[in-house]
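*Asks:* First to last, the protein sequences are chains A and B.
Under the working numbering, the letters of the first sequence match residues 1 to 297, in that order.
Under the working numbering, the letters of the second sequence match residues 298 to 420, in that order.
Honestly, I wouldn't trust all of these hints.
To be verified - Some chain B residues judged to face chain A by a derived CB distance under 10 Å, without partners named:
1) Arg-343
2) Glu-358
3) Ala-371
4) Phe-374
5) Ala-378
Since the hints were made in silico from the structure, they are not lab data.
Don't be surprised by glycine CBs; every beta carbon is placed ideally from N, CA and C.
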Amino acid sequence: MFTLSALSNLSRPVSIIGGIIVFSYVAIISAPVFAEPTTPGPIVASPSADRQAIRAHYERRFPGIPVEAHKDGAYAIDKKAGEQWLELEDFPPYEIAVDEGEDLFNTPIGDGTYSDCFGDGAVKGQYPYFDEDRSEVVTLELAINDCRSKFGQPTLDYKGAEIVRLSAYIAFVSRDQIINVAEPSSQAALLAYNDGKRFYSSRRGQLNFACSSCHVQLAGNRLRAEKLSASVGHVTHFPVYRLKWQDVGSLHRRFARCNQQVGAEPFARQSPEYRNLEYFLTYISNGLPLNGPAIRK
Amino acid sequence: MKSRPNLLITCVALMAAAITPVLGDTPKSVAAPSDLERGKAIAFNRNKGNCLACHAIDGGELPGNSGPPLLQMALRFPDRAVLRAQIWDATVRNPNTVMPPYGKHKILNNDELDLVVDYLLSL
């Protein structure tokens, strides 16, 4: 059974004016960027045009909030929640994961070490990228497992604790790098990018939502008490420590949650679908700084 | 041991609930108050209508703000069928809408949908 409750499963008690139905009804723009086309037509816009269009969309929607501020997700647009969130940063719950990740990073893998592949670990800004030889999107998680394979070690389960800790450490030492995914130039790279873009704007599940319904069309609106964050900035801070998970979790875990909450089947972590989605989302976030790991509700 | 009296209270409460509509006031709308309550419950239930995710409705807590507040429905929807169609599949009127197609995607069944429509018309 699917549930609609996911739409509001994170609601916190906030003060509301009891009984009085006076509030801001944020109108839905009629021709939203990346809104689901009624019939899937050819995608014509270039990636750089996409990026400019979506930045302009958020600038219009959030006057006075620079696009870069969306690296803090919903907290960039929800002042009150942002204050509570900053307090959490005093004792960041992801610190243990970062420490454990550091230990793992420095543990030899067969005849090699992670340093042989990633130097000091400050490499997050290089991922994801489209690998022309393999003709697929390579994410940091994929590269971690490639590194292990290179030294004859078994790959890590993408759902397991180890890989997310390693990536938490790598995210931590890569802080402040600026996202700069190369413009998809080859035909194959463009296909992967457009696949991610189409995924983002396709309606799914019983509730019939696209990612863009919530994070583009409705960005800044509340679903019950929850403010919806902007897509630009979604990739800056993963893995994330979610209070709800009581643990750090990967970007693809979050994708899966957002798929499930509209009653759609999630895809496997590191599936081509989610890697292409990550490629698209990261490209449109070019120019934003990396600030992971972060805390989210 | 403890469960017995609780069970009893539950039974009495359920019976009372079943009788109340019979003894209740004459309703404003054509639907019986018990039906209006059921419609309201379906609309508010997070696992059913969850309309509050997007709409403010009188008496509903923590409403979202993606859709217009649902009030004066009978005035705004003199034709019941138009209101029902909006909830059945909002994309017919607006292909870009974010409102889920409750009937078309079987989020609510026909009876539940009718109960919600009746409830809305009482607002």
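*Asks:* Determine for every hint whether it applies to the structure shown.
*Replies:* Taking the hints in turn, this is what the structure says about them:
Because the smallest distance between the Cβ of Arg-343 of chain B and any Cβ of chain A comes to about 4 Å, under 10 Å, the interface hint for this residue holds. Given hint, Glu-358 of chain B at the interface with chain A, holds; its Cβ is 7 Å from that chain's nearest Cβ, closer than 10 Å. For Ala-371 of chain B, the interface hint is violated, since its Cβ never comes within 10 Å of a Cβ in chain A; the closest pair sits about 16 Å apart. Because the closest C-beta pair between Phe-374 of chain B and chain A is about 17 Å apart, greater than 10 Å, the hint is violated.
The criterion of a C-beta within 10 Å of any C-beta in chain A is not met by Ala-378 of chain B, whose closest approach is roughly 22 Å, and the hint is violated.
Comparing the model with each earlier hint shows violations of hints 3, 4 and 5; every other hint is respected.
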